[in-house]
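> Residue numbers (the working numbering), protein chains in the order written: chain A, -8 to 254; chain B, 27 to 331; chain C, 943 to 1208.
Don't read these hints as lab results, they were simulated from the structure.
Here the structure is a predicted model, which is why all the values come from computation and not from measurement.
Do not take every clue at face value.
What the hints assert, rightly or not - Cut-off 16 Å, straight-line C-alpha distance, at most; resulting in silico cross-link-like pairs (EDC-like, lysine to aspartate or glutamate): (1) Lys1015/C with Glu225/B; (2) Lys1068/C with Glu1121/C; (3) Lys1012/C with Glu1001/C; (4) Lys1053/C with Glu1034/C; (5) Lys1015/C with Glu1034/C; (6) Lys240/B with Glu1034/C; (7) Lys1040/C with Asp1071/C; (8) Lys1015/C with Glu154/B; (9) Lys1049/C with Glu65/B; (10) Lys240/B with Glu1047/C; (11) Lys214/B with Glu154/B; (12) Lys1184/C with Glu1169/C; (13) Lys1049/C with Asp1020/C; (14) Lys177/A with Asp156/A; (15) Lys212/A with Glu43/A; (16) Lys327/B with Glu1034/C; (17) Lys240/B with Asp228/B; (18) Lys68/B with Asp97/B.
Stated by the list, open to error - Among chain A residues calculated to face chain B with C-beta under 7 Å, some are: (19) Ile97; (20) Pro98; (21) Val101; (22) Val105; (23) Met109; (24) Phe110; (25) Val220; (26) Leu221.
As the list claims (entries may be wrong) - A few chain A residues that don't get close to chain B, going by computed Cβ distances all over 12 Å: (27) Leu4; (28) Lys22; (29) Ser55; (30) Ser151; (31) Ser155; (32) Thr157; (33) Lys162; (34) Ala216.
The C-beta atom is built at its ideal place from N, Cα and C for all residues, glycine as well.
So the chains spell out like this:
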Amino acid sequence: MSSRSSSLVRTVLPPAVFGVAFIAIWELAVKAFNLKPYFLAPPSKIWQKFTENIDLVWGAAKVSGTNALIGLLLGAFLGMAMSFILSRFKFLNNLITPLAIALNAIPIFVLVAVLNNMFAITSEVPRRIMVTLVVYFIVLVNVAKGLTQVSPTHVELMKSYAASDTQILRKVRIPNAVPYLFTALKISAPASVITAFVSEYFGGSQNGLGSRITSNIANSKNAVAWGYVLGACLLGLTFYVISSLLEGVATPGGRAKRTKEGR
Amino acid sequence: MTIVMTTVMTTQKTSETARRIRRAVLFVVSLLAVAVAWELYKAVGPEAGGKIFGWKLLPRSNNNAMPHVWDMLMRYNRPELRGSDRKIWSVVLAGAWFSFRLALVGFAIGSTLGLGLSILMARFKFAERGILPYLVLSQTVPLIALAPLVVSWGGKLSIAGWTWPRWMSAAVLGAFLAFFPVAVGALKGLTSAPSASLELMDSYAASWWQTLRKLRFPAAIPFIVPSLKLAASASVIGVVVAEISTGLKGGIGRLIIEYAREATGDPAKVFTAVFGAAALGLAMSGFVTLADMYMMRNRPKEASA
Amino acid sequence: MSAVEITNISKAFNLGSSNQVDALTDINLSIASGEFVSLIGPSGCGKSTLLRLIANLIEPTSGELVVNGKSAKQARLDQDYGMAFQQSGLFEWRTVAKNIELPLELKGWDKAKRQARATEMLELVKLSDFANHYPWQLSGGMQQRVAIARALAVHPSLLLMDEPFGALDEMTREHMQSELLSICRASGTTVVFVTHSIPEAVYLSNRVVVMSPRPGRVTEIVDVSIEGERNDATRDNSAFFKGITSVREALRGVEMSDHVRGIEDR
């Protein structure tokens, strides 16, 4: 077996084994203990409801997904822009960084309750603002780290070439920050999806996956609700996979270059 | 030589504290800046909301949608409900304290679980490759779906006459979000021991468990410390979301939802609860920071950027 | 009885595959008790691999290893040797004294005995004042002294050292060499010492084993006989310079493309 296919097997086989075992145990447990659907729905039923309602699930996913995507792109853009500004003006950096660190500790999604009041009841804007905020701070903190934590030797070298600050930014700081940006995106992608869902719990428009799940659970339609949950997981997974692929494209040189773990 | 060393250490410590104080002061300044920006928008923004390039992007700036900052602060001193004696600050404080304790329990359970998983994954590479993807996946499951499940399972659970209290479900959901950063961070730390040190332990014919206790675990502490911070805020999020979806009485999540419903009549009220939730998050973060400082007390300090 | 008996030892990495590396082939070496033997050679000659074979950190592909009259594995299990590396490998979360106690803890010594032995070791390397300091508070040379103290804590009859002074500056290095010699002389320890430095090898050893790469083998064993006790004056001794010349010549005789890589010639 070639080493590439054997490493593929090594990566795929263990999770496949655990996954299949988990689903099998789940299904058997429901059947064996004769669990009622409001207690725990079996995977077979969830799959059935999922495929039955696939149009509805897809529609709801589009709403939540759009919110997440807009917030992700806008938040990433603003975060990057702000980090450039902060790397230039140390005073602003000292002002904003403590705020960013503090905001990291707070469940800021509760702001949606406030935002909902500031916009029309059917608007999706509060959710998008929420996602933007969450992604903005993640990207800001990480990219700022990447721009400022450069090797002093590199900076000394550039100074010996009488390079201007902008040239140092372009040739040293930005390339240094690229891996940090992608780490931030890999964290932000699932975070944007989750934030989009959580933002739907506070009232407002009821078209997204989050609200669908809530209403179905409230009506004790567990299998249907979990069909939507499956859709939600798939949405989150898609975002994560896309961001991982983007990372792969943007940082050539393989995994060895991107991670530096030993065992 | 020893005197020089001690002097260097003391100067390091005082500059650490000076840095912390400066950060706290700047934090307060930045909060004031946000308040100023809020009021500025109120002064110049459109009363009924507005459009940028045809999109309804500008929020309403009237007093109903955006109360004055002063009104928000003053609201704390007035009663919660018409005719009630309890001032709102005591209600919000009680709610935040309730949720804080739940978050603490969730954090403790989650961290322990995360550590246990990381040790399992460090020991058996098959476990790491098999379980880690699902740990990542588990974090994408919306809590809103898990919360009712946990509540109904808990309701059925009774061991030797002890029944599952309703608040435990919220703590469990906090633990569910908290375990992940700890599992990932601890795994990274446990596998970070330099190969020379591993060879050293081999040369002592140390067992895997001895190597874990004496080398891998202490070497993992610098990785576990930042992940505990993440776990603390994750636990708060889990608890608040659980409170919202299960309607758990007594917590800050429930207060936020209740006050949000009254927002048209009493716009400043919801802010009191939101600030309460923020204070809750900061309290957890402060608690974990203290634990961090204790655990890293004898380590060399990182050079600041 | 010899301390280390190496018979027809070979070690190949990635055996059977296309990128097989013959790190060592047919090594034969007998090290007497109390001897100080250096292994020197260009990068890739297998000297570190040989050291790790003696330490039983890796297994040979073929051949026999007898350490202290036992199998290498038993010697390791019995903690018959102490080991020191180029990176001092001290645990940054333990004080100097607790670092020295590490092998004793693993063998189940009780607290009082451990502390007594650690104190004794600290006196030996002249670092008694730093028992409660942390490694990062000490200079590189001091950290290596602690590493040596740790290696000697179990009073082993054999000391295995892999370029322990490689990361130190020249003056500290010479100082540490003298210290090491006086410690080993006092305890009669056998030492197997891997180095890149010809003067270091000649200063410290009774015999210098010159190795060459591709495949790793012993080219020559140079007997270094210098009259009397070795100290700083030895470095000006003509026998010392003769020894250096012999070793250098043996290294030059190594078949290699162009030049000998990785050897210090000072």
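> Can we keep the Leu221/A interface hint, with Cβ of chain B closer than 7 Å?
violated (9 Å)
> Was Ser151/A rightly flagged as not at the interface, with every chain B Cβ beyond 12 Å?
Answer for Ser151/A: holds, closest chain B Cβ roughly 21 Å.
> Should the hint that Phe110/A touches chain B count as held when the rule is a Cβ pair under 7 Å?
holds (6 Å)
> Is Lys1012/C within 16 Å of Glu1001/C, Cα to Cα?
holds (15 Å)
> Does the no-contact call for Lys22/A survive, Cβ to all of chain B over 12 Å?
Non-interface label stands for Lys22/A: nearest chain B Cβ at 18 Å, farther than 12 Å.
> Given the hinted pair Lys1015/C and Glu154/B, is their Cα-Cα distance within 16 Å?
violated (30 Å)
> At 12 Å, judged by beta carbons, does Ser155/A keep clear of chain B as stated?
Nearest chain B Cβ is 21 Å from Ser155/A, so the label holds.
> Is Lys1184/C close enough to Glu1169/C, meaning Cα to Cα at most 16 Å?
holds (13 Å)
> For the restraint on Val105/A, tell me whether the closest CB of chain B is nearer than 7 Å.
Holds, because the Cβ-Cβ distance from Val105/A to chain B comes to roughly 6 Å (cut-off 7 Å).
> Between Lys1049/C and Asp1020/C, does the CA-CA distance stay at or below 16 Å?
Answer holds: Lys1049/C to Asp1020/C is near 9 Å, not above 16 Å.
> Hey, is Leu4/A genuinely clear of chain B, shortest beta carbon separation above 12 Å?
violated (8 Å)
> Given the proposed pairing of Lys327/B with Glu1034/C, does the C-alpha separation stay at or below 16 Å?
holds (12 Å)
Violation of the numbered hints given earlier is confined to hints 4, 5, 8, 9, 14, 26, 27, 29, 34; the remaining hints are satisfied by the structure.
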